[in-house]
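Residues per chain, in single letters:
There are 2 protein chains.
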Amino acid sequence: VSFTEHLSNVVNAVDGAIACSLMGFDGISVETFQSPRLKSGEVDLQSAWVEYANVLGQLNAQVEVLKTGRVSEISVNTEKLVTVIRMVTKEYFVVVALTAQANYGKARYALRLAAPKLALEL
Amino acid sequence: VSFTEHLSNVVNAVDGAIACSLMGFDGISVETFQSPRLKSGEVDLQSAWVEYANVLGQLNAQVEVLKTGRVSEISVNTEKLVTVIRMVTKEYFVVVALTAQANYGKARYALRLAAPKLALEL
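So the protein sequences, as listed, match chains A and B.
Under the numbering used here, residues 7 to 128 are what the first sequence spells out, in order.
Under the numbering used here, residues 7 to 128 are what the second sequence spells out, in order.
Think of the hints as simulated: they come from the structure by calculation, not from any bench.
Some hints could be false.
One copy or two, it doesn't matter: identical chains are merged, so the pair holds either way.
[Stated by the list, open to error] Capping the alpha-carbon separation at 27 Å, the derived lysine-lysine pairs in BS3-like fashion look like this:
hint, residue 1, residue 2
1, 123, 86
2, 123, 96
3, 112, 123
4, 96, 86
5, 112, 96
6, 112, 86
Model the full assembly from the supplied sequences, consistent with the hints where possible.
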């Protein structure tokens, strides 16, 4: 089983999911899976990736709160892009990028299932 | 028009909204409106408020990212509670607390409408 399988499971389970990444708290992506279902007419993927990179670039201060234990998730959103970010281990987190219309509750649920599976692979 | 009117409009527009607060970046609440519709059987309000207070207590690092301009919202979630936080002015933000089942997109939309109205009153 590879990281990609768990990341693709998240993207495939959530309508409007653009991509899912396993990342280190150092900001380096271990693995990223991009949705193959999103057509160019459906969402501007190029612009979504620019937003996504921008959001991840601003994560440094945010991920600290995830390490406190009580908070299980954070989101950092722009007008067009919603992310859900969840701890995997003390050094890694998983993040899914969604269109504004996507099902947020479903994305939370998919990440909650994926996180322990990813942790087992690390 | 008072702050309470704008805050209650947010709570009333979103099923599963528990409370909406106008807060300073110093962590002091200017005004809070709690949903009168939530019955004790529907959600454990007391426990929701403990979660809410906990989340707000961990906001310090998070709100910094809101001031950068590109990011329009952040959320800080526990298993049972979802929040959506949006800038109002450089000194104030608005936050809505939701049950895990609430409509996140609707909450984002309601805050987007409320923020400029609250800003006009400050």
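Exercise. Which of the listed hints are broken here?
Worked result: No numbers; nothing is violated.
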